[in-house]
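Residue numbers (the working numbering), protein chains in the order written: chain A, 1 to 422; chain B, 1 to 285.
Don't read these hints as lab results, they were simulated from the structure.
Restricting the straight-line Cα-Cα distance to at most 25 Å, the calculated cross-link-like pairs of lysine-lysine (PhoX-like) are:
(1) B:K192 <-> A:K37
(2) A:K330 <-> A:K409
(3) B:K13 <-> A:K37
(4) A:K326 <-> A:K283
(5) A:K256 <-> A:K305
(6) A:K5 <-> B:K279
(7) A:K165 <-> B:K46
(8) B:K15 <-> A:K5
(9) B:K279 <-> A:K106
(10) B:K279 <-> A:K104
Listed next, the stretches of chain B that the computed footprint assigns to chain A, with coverage defined by at least 3 CB atoms under 8 Å from CB atoms of chain A:
(11) 7-13
(12) 39-47
(13) 114-124
(14) 268-282
Partner residues aside, some chain B positions facing chain A, computed with beta carbon under 7 Å:
(15) D31
(16) L32
(17) L35
A virtual CB, placed ideally from N, CA and C, is assigned to each residue, including glycine.
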Amino acid sequence: MTVIKVENLGKQYHLGQVGTGTISHDLNRWWHRVRGKEDPYLKIGDTNDRTTKGNSDIVWALKDINFEVKQGEVLGIIGRNGAGKSTLLKILSRVTGPTVGDVKVKGRIASLLEVGTGFHPDLSGRENIFLNGAILGMSKQEIKNKFDEIVDFAGVERYIDTPVKRYSSGMYVRLAFAVAAHLEPEILIVDEVLAVGDAEFQKKCLGKMKDVSGQGRTVLFVSHNMPSIKALCTRGLYLEKGGVTFLGDINQTIAKYFEIKAVFEKKGIVPESYERYNTGQAKIKSVQLVDENDMATSEVLYRSKIKFKIKIDVLERINDAIVDIKIVSKDGVVITHTMNIDQDDKPYSLDVGIHDFEVDLHNSFHPDYYNTTVGIHYSIGATIDYLEHIYDFQILNIGQESDYTVSWKHGYLKLDSKWQKV
Amino acid sequence: MQQEQEHWDLVIKPKNKWYDVDLAAIWHYRDLLMLLVRRDFVAVYKQTILGPLWFFIQPIFTSLTFTLIFGGIAKISTDSMPPILFYMAGVTLWRYFSDCLNNTSNTFIANAGVFGKVYFPRLIMPLSVLVSNLIKLGIQLLIFLIIWLYYLVTGTQVQPQWYLLLVLPLLILMMAGLGLGFGILISSLTTKYRDLSFLIGFGVQLLMYGSSVIIPVSSITNAHLKMAMLLNPLTSIIEAFKYIFLGSGFFSAYWLIYDFAFMMIVLAVAVLMFNKVEKTFMDTV
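Construct all of the structure, not just a fragment, from the sequences and the given hints.
Listed below in structure tokens is the structure:
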């Protein structure tokens, strides 16, 4: 049975500020309506591509969306930032209306775009459970019946009559999630709320979500966390620039995500305005991280092959150049440093002109966010050009051969190690 | 099967129809309404020493101020009533109206955080404000009645019209309706262009002087001014309230019918407007 049917759905947004400028649009639109004509702004508008500056200040965050969800399906909605995932969820949960098209729904629908919506800091945990539950659509009686279960799930029994502003942030989030987790709608819409709490609690949440979908209820789930998507969902919807590019089996959708993603990654060209230390003899033109298919990317599968590509424009001849790369963790620790002289102990001799360098780097990183610093120096150590924090990348916790299975880690690198019991 | 395919519980469309007010949904969320009332009430006096006493102190201070300034210094007529009682009578109902208006006029902007994350019938919020303020009104009415009893017993010119007491709930209802109507109308009109909200504080202040809270209609001699004052629906409601309890002012069924009609029209326009705006206000708020 189809429980959600989305037809020709589209959502238009205006860029820029609301002010005296927008009133002329409103008047024009009103004037067209009075004469029984179509909204003149429905015809125009760019597709949602935030990297290029469009011609119009009207964009379609979503356009021509069509799909159906069957009862009991767990649909994972994936896509890059700005692909329209959140907008889609907002429309489905009736927070905002579509510009065109419609959505038909069968059954009670509840959405979790945030945990703890409507929590009042001065009210006690008990009072907030009731308030938050009611905001999410539960009746007082329903909450009463589940109250003990909620408190137990959150593990805040001792503090239940304390104002939530005295809670630790972990307790607060646990309580908020616990209320949400005990909703019993026929259709549940979830937006990355699993990204809360410690690893143990996340596991508990994931388990709860699995229970929900096991009871024959329909779930729509948005996340960047591919392992949770993989674990929970049966089908996947891939959104890109406001349109559906793929709808099907979840594993295929995830594969699609990585395949398409690479094409749109930034080209790695260093902007002219980039703040840098530079003496003028040479200039780093671009820095790129490419995956094994030679595609520029900023999201790398766990333990997959990676390679840096660097393009340097040499303006004056350099006899003894050292090119180096530093990988820095998100908390600012330099994790590793590699130079061309590591290999043969001989600096590069560079003529005037463009030079390309490729650096294969063994990917021993833990899943996390990292950034890159690139420099070119004379062999005595004097710097010619130096770009800090030039390329961000993320190591994902899924890989082609092996996923990253443990939920805790120490340090930054997972070096090859061999264990044997003797 | 075909039949079943045709039935949908909910259809999300670009626009709400003008008349599409879902009363059943509001009823479904009645528990939320009461919990919001409770939240408003409890949150106000948390971390104060005097606690709920503040609900009593505020209206007393207002009346004392009026007594001192308008009765004592400006010597404006109080229809030969004890000034404190006269102002108290005017302020009690007036405050209910102005509180309702002020607290609902920013419904969309103040609740954007919650409205942006979860759906429930948006009208629940302003309706909960009406109920919260009703509790405050009860407290103020209580203070008024105590002072009123004092003057009644000590035998001044206070002449209550007992049989008209039955009309009191209707007066309160009309104040609620007008406060809600104007409040949500303003909140609907200010989501995109906020210019209007700058005028509200000033407008409400001005309206008070034009609603016989301080200046009774009987003291106005200019016929045009008198008519203008009477066309303000609040005037005859407040005058009726004074007439019921004090015997001053006037009571006119015709004007009350006019007020009721006025309220219904404002309310209808406001609810329709609110209903239209609630769909997309998140994009422009």
